[in-house]
Amino acid sequence: MVFQAFLVALVAFFAYSSNKFLGDAMVNRPLVTATLTGLVLGDLQTGLIMAGTLELTWMGIMYLGLSMPSDVAAGAIIGTAYAVLSSADVSVALTVSIPTGILCAYVATACEVAISFAMHKVDEFAAEGNIEGINAIHIGAGIIKAVITSGIVFLAVALGTDTIGAVVDALPQAVLSGLDVVAAALPALGFAMLLNIMWDRRFLPFYFIGFALAVYFGVDIMAVTVLAVAFAAFRFMTTKDEVSEEDDF
1 MVFQAFLVAL
11 VAFFAYSSNK
21 FLGDAMVNRP
31 LVTATLTGLV
41 LGDLQTGLIM
51 AGTLELTWMG
61 IMYLGLSMPS
71 DVAAGAIIGT
81 AYAVLSSADV
91 SVALTVSIPT
101 GILCAYVATA
111 CEVAISFAMH
121 KVDEFAAEGN
131 IEGINAIHIG
141 AGIIKAVITS
151 GIVFLAVALG
161 TDTIGAVVDA
171 LPQAVLSGLD
181 VVAAALPALG
191 FAMLLNIMWD
201 RRFLPFYFIG
211 FALAVYFGVD
221 IMAVTVLAVA
231 FAAFRFMTTK
241 DEVSEEDDF
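Mapping the sequence shown onto this note's numbering, position 224 (from 1) lands on 224, and the numbers just tick up by one.
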């Protein structure tokens, strides 16, 4: 168990430190972290299932400054590890991921607050033109946060899996059935959060067109996606000249 927890912690370290070395490459998203967790634990299929479902659930979450509604990386990693190591039903593992992500978000926010005090030193380095010093603080702060958060993931997997499994086994069947219903509704909640951010009434007809194609005409969701991308590309190519003319004017 300790070795498996170490492998999962490495995935967490990669997810948390990558934005310091790779830019905002989005590798902390569930699509990546849950997949990698399933891969290192030897159950890629469960990792992919958790990745797709959690990405839909947390698709609308955005980090703005120190505001972190949920730590999607930790939630996805711990939830996937729980699903694989305890052979739990995916729907139950999803309900473990949500509160875990929220709790880990508090820790990550505390790390960000603590690291923010180093900005005074960054200001001094900037006034001196010390680029190396600024880079050192930037990278060092990222590594410190990655070590702390990945350490929490390590402890959660090494010590918490059996405990969580015992709690889940003790739950009445009615509660487990309720968890199944909640898990089924989570992707819809993710889409609702996303629509709340990007909603525009001009897009309403396309929403109903996609819904009709998928539900009434039985068009595969991938085909609907390809049609949407093609239409968006067509719209962009046919209107960019008009935008350019307005800019020139």
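Take the hints with a grain of salt, since some may be wrong.
[Stated by the list, open to error] Label-pair ranges, simulated between beta-carbon atoms: (1) 135 - 52: 31 to 41 Å; (2) 2 - 202: 52 to 62 Å; (3) 125 - 39: 33 to 43 Å; (4) 221 - 137: 40 to 50 Å; (5) 42 - 99: 45 to 55 Å.
Simulated from the structure, these hints should not be mistaken for laboratory data. Note that CB positions come from ideal geometry on N, CA and C, so glycine has one too.
| task | List, from low to high, the hint numbers that the structure doesn't satisfy. | result | Of the numbered hints, just 5 does not hold.
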